[in-house]
Amino acid sequence: MVAPSKPITQDLTERFPGAVSKDTRPGYEGYIVSANKLTEVATAIRDEYGYEYLASVTGVDYIADGKLEVVYHASKMSGGASLNFKVQAPRDGEPEIPSLVGVWQGADFQEREVYDLYGLRFSGHPDLRRILMWEEFEGWPMRKDWKEVYYEQDAKPFKTRWPEGSVYRIEEKNRFNKNVRYPKGFDPRSFKSDGDEKLYALMRGEHLPEHQRINTDEIIVNMGPQHPSTHGVFRVVVKLDGESVVDLKPVMGYLHRNHEKIGERNTWLMNMPYTDRLDYLSGMGNNHGYALAVEKLIGSKVPERAEYLRVLMVELNRIANHLWAIGFLINDLGAFQTPMLYLAKQRELILDIFEATAGSRMMCNYMRFGGVVRDLPSRIRDEDTLDFITDLVAERLPAALDEIETLLTFNEIIRTRSIGVGVLPAKQAINGSAAGPLLRASGVPYDLRRADPYSIYDRLDFKVCTRPNGDVYDRYLVRIDEMRESIKILKQVLRDMPASGAIMDGESKYTHKVPNGESYGRVENPKGELGYYVVSNGAPNPYRYHVRAPSFINLTMLGDLCKGHKVADIVVILGSIDIVLGEVDR
Amino acid sequence: MNEVTVIIIDAAIKAAVMALVLLTGFAYMTYAERKVIAGIQVRRGPNRIGPLGLLQPAADGVKLFLKEDMMPTGADKLMFNLAPIITSIPALVIMAVIPVAPDWIVNGYTVRFVVADLNVGVLYLLAIGSIAVYGIVLAGWASDSKYSMMGGLRSTAQVISYELAFGLSMVGPMLLAQSMSLRDIVHAQEARGIWFMFLQPIGFLLFFITGLAELNRAPFDMPEAEQELTAGYFTEYSSMRFGMFFMAEYIKMIAVSGMVVTLYMGGYLGPFVNQFPPLGIAYFSAKVFFLLFTMIWIRGTLPRLRYDQLMSFGWKFALPVAMLNVLATAIVLVYVM
Amino acid sequence: MSTEILTTQYLPIAVTFIIATALCAFIVWASGNLGPKRNTDKKLMPYESGMTPIGGANRRIPVRYYLIAVLFILFDIEVIFFLPWAIALLQNGTSFAQFALAEMLIFTITLVVGYIYVWKRGALNWE
Numbered sequence: 199m200v201a202p203s204k205p206i207t208q209d210l211t212e213r214f215p216g217a218v219s220k221d222t223r224p225g226y227e228g229y230i231v232s233a234n235k236l237t238e239v240a241t242a243i244r245d246e247y248g249y250e251y252l253a254s255v256t257g258v259d260y261i262a263d264g265k266l267e268v269v270y271h272a273s274k275m276s277g278g279a280s281l282n283f284k285v286q287a288p289r290d291g292e293p294e295i296p297s298l299v300g301v302w303q304g305a306d307f308q309e310r311e312v313y314d315l316y317g318l319r320f321s322g323h324p325d326l327r328r329i330l331m332w333e334e335f336e337g338w339p340m341r342k343d344w345k346e347v348y349y350e351q352d353a354k355p356f357k358t359r360w361p362e363g364s365v366y367r368i369e370e371k372n373r374f375n376k377n378v379r380y381p382k383g384f385d386p387r388s389f390k391s392d393g394d395e396k397l398y399a400l401m402r403g404e405h406l407p408e409h410q411r412i413n414t415d416e417i418i419v420n421m422g423p424q425h426p427s428t429h430g431v432f433r434v435v436v437k438l439d440g441e442s443v444v445d446l447k448p449v450m451g452y453l454h455r456n457h458e459k460i461g462e463r464n465t466w467l468m469n470m471p472y473t474d475r476l477d478y479l480s481g482m483g484n485n486h487g488y489a490l491a492v493e494k495l496i497g498s499k500v501p502e503r504a505e506y507l508r509v510l511m512v513e514l515n516r517i518a519n520h521l522w523a524i525g526f527l528i529n530d531l532g533a534f535q536t537p538m539l540y541l542a543k544q545r546e547l548i549l550d551i552f553e554a555t556a557g558s559r560m561m562c563n564y565m566r567f568g569g570v571v572r573d574l575p576s577r578i579r580d581e582d583t584l585d586f587i588t589d590l591v592a593e594r595l596p597a598a599l600d601e602i603e604t605l606l607t608f609n610e611i612i613r614t615r616s617i618g619v620g621v622l623p624a625k626q627a628i629n630g631s632a633a634g635p636l637l638r639a640s641g642v643p644y645d646l647r648r649a650d651p652y653s654i655y656d657r658l659d660f661k662v663c664t665r666p667n668g669d670v671y672d673r674y675l676v677r678i679d680e681m682r683e684s685i686k687i688l689k690q691v692l693r694d695m696p697a698s699g700a701i702m703d704g705e706s707k708y709t710h711k712v713p714n715g716e717s718y719g720r721v722e723n724p725k726g727e728l729g730y731y732v733v734s735n736g737a738p739n740p741y742r743y744h745v746r747a748p749s750f751i752n753l754t755m756l757g758d759l760c761k762g763h764k765v766a767d768i769v770v771i772l773g774s775i776d777i778v779l780g781e782v783d784r
Numbered sequence: 491m492n493e494v495t496v497i498i499i500d501a502a503i504k505a506a507v508m509a510l511v512l513l514t515g516f517a518y519m520t521y522a523e524r525k526v527i528a529g530i531q532v533r534r535g536p537n538r539i540g541p542l543g544l545l546q547p548a549a550d551g552v553k554l555f556l557k558e559d560m561m562p563t564g565a566d567k568l569m570f571n572l573a574p575i576i577t578s579i580p581a582l583v584i585m586a587v588i589p590v591a592p593d594w595i596v597n598g599y600t601v602r603f604v605v606a607d608l609n610v611g612v613l614y615l616l617a618i619g620s621i622a623v624y625g626i627v628l629a630g631w632a633s634d635s636k637y638s639m640m641g642g643l644r645s646t647a648q649v650i651s652y653e654l655a656f657g658l659s660m661v662g663p664m665l666l667a668q669s670m671s672l673r674d675i676v677h678a679q680e681a682r683g684i685w686f687m688f689l690q691p692i693g694f695l696l697f698f699i700t701g702l703a704e705l706n707r708a709p710f711d712m713p714e715a716e717q718e719l720t721a722g723y724f725t726e727y728s729s730m731r732f733g734m735f736f737m738a739e740y741i742k743m744i745a746v747s748g749m750v751v752t753l754y755m756g757g758y759l760g761p762f763v764n765q766f767p768p769l770g771i772a773y774f775s776a777k778v779f780f781l782l783f784t785m786i787w788i789r790g791t792l793p794r795l796r797y798d799q800l801m802s803f804g805w806k807f808a809l810p811v812a813m814l815n816v817l818a819t820a821i822v823l824v825y826v827m
Numbered sequence: 003m004s005t006e007i008l009t010t011q012y013l014p015i016a017v018t019f020i021i022a023t024a025l026c027a028f029i030v031w032a033s034g035n036l037g038p039k040r041n042t043d044k045k046l047m048p049y050e051s052g053m054t055p056i057g058g059a060n061r062r063i064p065v066r067y068y069l070i071a072v073l074f075i076l077f078d079i080e081v082i083f084f085l086p087w088a089i090a091l092l093q094n095g096t097s098f099a100q101f102a103l104a105e106m107l108i109f110t111i112t113l114v115v116g117y118i119y120v121w122k123r124g125a126l127n128w129e
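Protein chains in written order, with this note's numbering: chain A, 199 to 784; chain B, 491 to 827; chain C, 3 to 129.
Okay, chain A solo, but in the shape it has when bound (with noise of 0.2 Å):
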C-alpha cells in the first residue's frame, strides 16, 4: 500500500491489455477483468492506482448468460467515487476465480459469503468454509435456480394471495412441500454438524504438518452462541493458554435469515421496512442507504425538506447507536448496566422523536425512493416538535454528553482496561477493510460524509473524527467526538432547513420503474460504510440486492485484534467494534 509515486491516469485497459475490459452493458460501469490476471489487476489496482480500500465484494448469479459474476468496489482513502471491477466465471461446474485475500484481508470473509451463497470457489483462500450456512447445507442459496423451503414463486406480490387476499398457512398449499425432507436414514435430532469440527480441528493445527505442531495443552472453549455478552447469537471459538488468547475465530450465521435472497423476492420499495431488520439499532441509517442506491438507478431528485429531514433522522440516529454503543461497552468492562441505562434515558428521547415522526421507535421504514414518508408532527410529547428537538440538540444531549465524560472517559479502570488493548494498526485497517469509528479511530480519517458526499452532507460544516491509537479506549472516544458533531451536523440542520415544502419527489408509489443497471449506494453508517448493491433487470424486483453490511467485514480482524490479550479482553474488543447480529448474519 505504497502510495503511487506518480498518480497513473492510464485507463486500466490500456495498462493490461487484453485482461481488463469495459463494462458495456447498459447502465453498467467499471471494468470486466479475466479471472488468471485477477491478482496482479488488483495489486495494480490497489498500488498504482490507489485504490487501498476494498469496500465490498459480492457475487450475482446472471443465469440467463450462464455465468457467475463476482462485483468488487475498491474506494481511495482520500475520497472519491469508488472503482467497480467484475470477474466473470461458468455457472457449471466447479467455477473458481483467484482469491484476493492476499491483497486485501478485507476480502476474506466477503469471498467466505460469496462461496457459501453462490458456490463459487476462491482458489488460494485461507479458510474457505461456508460461513451464514452450515456446513452441510446443500444447494447454493442465492443462485436463482435455488428454491427456498415453503417457495411460491420467484418474486412478489404473490398470485396466490393477491388480490384476493386469502390467508393460509402457506406450508399447506405449495407444491414445493415435499421440499421439506431429510435424507435416508436422518434423524434431525441426533444430528451433529462436521463443520464444527473442522473448525476445531483447524485451530488444534492439525492441518500443520505434524513437526509444526506444538504439544501443550491449551484449550478450545466456545464463547456463543448462548452467551450473555457476544451481543446476541454470535459465537466465537477461542483457544486459550490459561488466560491468554491464542487464537480465535468468530463463527456466524445463527441470525440468517438470507435477507437478500427475501429482497429479490419483494419488490422494491418493499425492501424498505427488511433495512430497518439489519442493524436494527440505526433504522433511519440502513433506509437512507437504500434509498440512495435505487434513487441513483431510478434518478429521482429529492427535495430539499426531504433532504434536511433525511440528515436529521440519520445523525439523531448516529447519536442514539452511539450511546447505545458506549453504553454496552463499558458494560462489557464489567460496570453493573449503569452507564448504559444513563445513556439509554437520552436514546429514549431521541426514539420518541423516531415515533413521532416514522411512526415506530426503531422499526422506522421512514424513507422512500424520492424523497421521506412523513412529514414531522406539530407536536411531540405536549410540546412543539422543534422545539424539543432543539432543546434536545442544544441542551440535554451536550450535558448528557458531558455527564459522560467527567464520569467515564477519565475513570481508572476504563482507562487501565482499554488503552493499550486490541490495537488496529492503520495500515491492517484499511486493508481490512475495517470502516466507521473502528477505522476512525486507527487514525484513518476516512468518511463516507466528506469522502464521498451524498445527501448535503457537502454543504454541512463538521470534522471527521479520528483518533491516532487504534484502540479500544480510542475508539469509544472517537465515538463521543463522532456525537459532537452530529450535534454540530443538527443545530446547521435545524437551522437551515426550509420550513415547508414537498416531501417527495412527485407522487409516492407502490412499484417503481426502475432502469436497467447496476447501482452502489453507500451511506456512512453509525457502524461504517453501509453499502447496498443492486441490479435491476426492468423488473418490479430487484434482480440482486446485496448489502455491505459494515459489522459483518468489521469482524474481519477480530481474531487479529484479541491474539495475545487475555480473555476479558476479548468481550471488550467486540464490544469496541459494535456490532449487530441482524447486521452481521442477515
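To be clear, the hints were calculated from the coordinates, so they are not data collected in a lab. Some clues are possibly wrong.
[Unchecked claim] With a Cα cut of at most 27 Å, we get these calculated DSS-like pairs of lysine-lysine:
{"hint": "1", "chain 1": "A", "residue 1": "342", "chain 2": "A", "residue 2": "284"}
{"hint": "2", "chain 1": "B", "residue 1": "557", "chain 2": "C", "residue 2": "45"}
{"hint": "3", "chain 1": "C", "residue 1": "45", "chain 2": "B", "residue 2": "567"}
{"hint": "4", "chain 1": "A", "residue 1": "342", "chain 2": "A", "residue 2": "711"}
{"hint": "5", "chain 1": "C", "residue 1": "122", "chain 2": "A", "residue 2": "220"}
{"hint": "6", "chain 1": "A", "residue 1": "235", "chain 2": "A", "residue 2": "274"}
{"hint": "7", "chain 1": "A", "residue 1": "761", "chain 2": "B", "residue 2": "806"}
{"hint": "8", "chain 1": "A", "residue 1": "396", "chain 2": "A", "residue 2": "437"}
{"hint": "9", "chain 1": "A", "residue 1": "707", "chain 2": "A", "residue 2": "459"}
{"hint": "10", "chain 1": "B", "residue 1": "806", "chain 2": "C", "residue 2": "122"}
{"hint": "11", "chain 1": "A", "residue 1": "437", "chain 2": "C", "residue 2": "45"}
{"hint": "12", "chain 1": "B", "residue 1": "553", "chain 2": "C", "residue 2": "45"}
{"hint": "13", "chain 1": "A", "residue 1": "382", "chain 2": "C", "residue 2": "44"}
{"hint": "14", "chain 1": "B", "residue 1": "567", "chain 2": "C", "residue 2": "44"}
{"hint": "15", "chain 1": "B", "residue 1": "557", "chain 2": "B", "residue 2": "567"}
{"hint": "16", "chain 1": "C", "residue 1": "44", "chain 2": "A", "residue 2": "437"}
{"hint": "17", "chain 1": "A", "residue 1": "543", "chain 2": "A", "residue 2": "686"}
{"hint": "18", "chain 1": "C", "residue 1": "39", "chain 2": "B", "residue 2": "553"}
{"hint": "19", "chain 1": "A", "residue 1": "447", "chain 2": "C", "residue 2": "44"}
{"hint": "20", "chain 1": "C", "residue 1": "122", "chain 2": "A", "residue 2": "390"}
{"hint": "21", "chain 1": "A", "residue 1": "396", "chain 2": "C", "residue 2": "44"}
{"hint": "22", "chain 1": "C", "residue 1": "39", "chain 2": "B", "residue 2": "557"}
{"hint": "23", "chain 1": "C", "residue 1": "122", "chain 2": "B", "residue 2": "553"}
{"hint": "24", "chain 1": "C", "residue 1": "44", "chain 2": "B", "residue 2": "557"}
{"hint": "25", "chain 1": "A", "residue 1": "284", "chain 2": "A", "residue 2": "265"}
{"hint": "26", "chain 1": "A", "residue 1": "437", "chain 2": "A", "residue 2": "459"}
{"hint": "27", "chain 1": "A", "residue 1": "689", "chain 2": "A", "residue 2": "499"}
{"hint": "28", "chain 1": "A", "residue 1": "396", "chain 2": "C", "residue 2": "45"}
{"hint": "29", "chain 1": "A", "residue 1": "342", "chain 2": "A", "residue 2": "357"}
{"hint": "30", "chain 1": "C", "residue 1": "122", "chain 2": "A", "residue 2": "761"}
{"hint": "31", "chain 1": "C", "residue 1": "39", "chain 2": "B", "residue 2": "567"}
{"hint": "32", "chain 1": "A", "residue 1": "459", "chain 2": "A", "residue 2": "342"}
Take the given structure of chain A and dock chains B and C to it, following the hints.
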C-alpha cells in the same frame, strides 16, 4: 444442669438466632442490592410482590427451592454436592466470634452478645474465611465444565493472593490492642477513645479493599465475571444449590462488614452503650449497613478490573503496602508511644 | 489448652458448626427433592454457550496458578509470624520490644529480598 449443658444450650440458642438473622439478612441484602442499584440506575427495582416489593426475597427463595436441580453428567457427584455446603458453612459460622454488644448483666446473669469470645478471634476469622475458597475451587472442578473450571481457578488464585494483604491489614488493630480477641480490640478502641480507622487509615482502606477481593465483589468479581465466563464457578449449579453460593456471598458480605466494623470502626461502640448494652446491636448494625451500602454502591458504579490487573494490584501494591504499614505501626508504637 | 477454654470458647463454636452444617445439608437435600426432575441428555451436558463441549474440562492447569500457590505459601508464613509477634510486642517491656522489632525487621528484609527477586523474575506478571 451442669455447666457444659448450659454452655451448649446457650450456644445453640445464640447460633440459631445468628443463623436466622444472617439468612434474613441475606434475603434482604438481595432486595436491598436490587433496590439501591435500581435507584442508582434511575429505575424502580422490585415493586410487584408485597408492598414496595418487600416480599420479593421470599418469592425468590420459594422459586429457587422449586426449581429443577440438575447435575451435569460428567460431574463428580460427591464434590458437586459438597461444594455449596463447604462454601456456606464458613459464611454462617464466621460471625460467631464477633461481639455485637457489650456484656449485659440482668438479674445477676451475664448475657454475652457473642457466641464464643475466642482468645484468638482474629486468627479464627482468617482461618474460617479461607475455608470458603475450597468450596469455590471444588465447585469449579467438580462441574466438569470449562467455564466453571476457569472461574474456580481464577477465584482460588485471587482469594489466596489477597489473603496475604487481608491478613496483614488485620495486624494493625492487633498491635494497637495487644490482643487477638475481638472483644479486647473493641475495648482498646473504647480505651483510646478513637476508632482504629483513624489511627490506621491505610490499614483500614486496605482491609476494606482486600475484603472486597476476598468476597469476590465488584470491582473484583472476577470469578463470576458475567461478561466472559457467564457465571463462573457456579455456572452448572441450579435450584437452591445455586442459591447457596449467593447465600454464602451475601452472608460473607455481612461478615466482612462486621469484621471491618469490629477491627476498625469501634464495633458496637456508641453513646450510652454501656448504660444500656442492647443499644450496641443498633450501633453495630448501623455501621454494618453503612458498609454494605458502600459495597452495593461500588457495584453500581465501577467497572471490573481485568484479571491480570487484579493480580498485580494484589501482589505488587496491596502486599508491600500492608507490610510497610505493619512495620511502620510497630516502629511508631515502640519508639514514639 | 485447659479444659475450661475448651468448653467455654470452643464448645460454642462446635455447636455453631453443627447447626450450620445441619442447615446447609437440609437446604441441599430440600433443593434436590422439592423441584421436578425432567432430565435429558442435552440438559445435563456441561454448559459451553450452547455448543457441545470440546474435550473435558479437567485437564492440566496452566503452571501460573501453581506459581501463585507456591508464592502464597511462602508469603503466608510471613503473615503467620506477624500475628503472634504483634500481640507479644508491647507486653514484655521496652527492651524486649526493641529487640523484637529489630528481629522482625531483619526477617522482613530477607523476605523483601525474595520478593524483589520474584518480582524481577516476572513471577508476579500475568502473561
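Unsatisfied constraints (hint numbers, rising): Failing hints, ascending: 5, 20, 23, 26.
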